[in-house]
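Following the hints, complete the assembly by docking chain B onto the known chain A.
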Amino acid sequence: MKYVFSFGIIISVVFALLSNRSGEVTNAVMSEGQNAVELAIVLAGSMAFWGGIMKIAEKSGLTDVVAKLFRPVIRLIFPGVNPEGSAFRAIVMNLTANLLGLGNAATPLGIRAVKELSKEENANGYATKNIVTFVVMNTASIQLLPVTAAALRLSYGAEAPFDILPAVLITSLASVTVGIAVAKALCSENLRIYSRRKLADESN
Amino acid sequence: MKATDIVIPIFILIVVAYALYKKVDVFEAFTEGARENLMVTVNVLPSLIALMVCVGMLRACSVLDVFTSLISPVTKLLGFPEECVPLAVLRPISGSGATAMLNSILSQNSSDSFVGRVASVLASSTETTFYIIAVYYGAAKIKGGKKTIAAALSADFTGFVFSALTVRLLLM
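Line order of the protein sequences matches chains A and B.
Residue numbering for the first sequence follows our numbering, starting at 1 and increasing by one per position.
Residue numbering for the second sequence follows our numbering, starting at 205 and increasing by one per position.
To be clear, the hints were calculated from the coordinates, so they are not data collected in a lab.
Note that beta-carbon positions come from the ideal geometry of N, C-alpha and C, so glycine has one too.
A hint or two may mislead.
To be verified - A few chain A residues that face chain B, going by a derived Cβ cut-off under 7 Å, partial list only: (1) G8; (2) M54; (3) A57; (4) P79; (5) P83; (6) Y156; (7) V182.
If we strip away everything but chain A, and leave its shape as in the complex, we get (with noise of 0.2 Å):
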């Protein structure tokens, strides 16, 4: 992430000079980051609720009974990790939520799977197997109804604003599924390094 933002920025500098627009450059960076404050306070009232919904479901044992329900997919695609532990809980709420369309409740459980992950898996701030596979399925839109664009249509006059939905839940799966390939594919070979830094660990 930290060449994606450096190189954003120094093609941003130079492109902008190069065509004339650092004033529209500097304007970017002297409001976006006020802008980001805004949105932060905008989403918050919003995560905060979803989060108090979502620890009612937890505390009421909810959650548990919909993560049986998944658990076979899940220790499908997310092998080694511990079904009855809090990493394989925050993984199912996560994707849950993403289904659902609620992404104020899944933004602060996807954080929290990953961290429960990492710490399940002794990673160390290392991006494990099962921690890429996690977030490319939470980049890959997994929501089973597109609720914004049906919106956008329905606001142009489109009849059957939902008409779409065969498409996108193809769409959907094709871009989840070959994502997951791919993080399997790109991380197969860095388990030999990882288990060796785990053992190097536990032997100190």
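Chain B alone, transformed into the frame defined by chain A:
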């Protein structure tokens, strides 16, 4: 649209009702979860600022427009509508930007046209890749992410290709 209006209230109802059945202190659980999530929001803020500044700069210097016009000939060959290319480039980078772009595409092309439909499917089939990676890894203090970005972008790319494919095969 009716379906989505019902889903969220019913979901909340199920959660609260089940918790009452299980004799959970709903209010206390709620405030505890809310407090946790507020902390998450605060911890996310640095990564969010970094990302939004970066994205803002990229969009301001119009490098994305140049990139789009560079790859247009290729996408034309693949049967991918030209008007959707800026959306495809923007979608992994900025969620609000993508929504704005979808809005502008729909305002210029009928919602039922090929272009309108591909744009709608595309916008719905992938999330804001860089935002998620930056925020999740930033908050959980995970370093690196090259493999994650590579895998995520392959997923996004598959999404683009399939959005044109499925619309062409299923809806037109």
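Okay, the hints, checked on the actual structure:
no., hint, in the structure
1, G8, "holds, 4 Å"
2, M54, "holds, 6 Å"
3, A57, "holds, 5 Å"
4, P79, "violated, 17 Å"
5, P83, "violated, 21 Å"
6, Y156, "holds, 5 Å"
7, V182, "holds, 4 Å"
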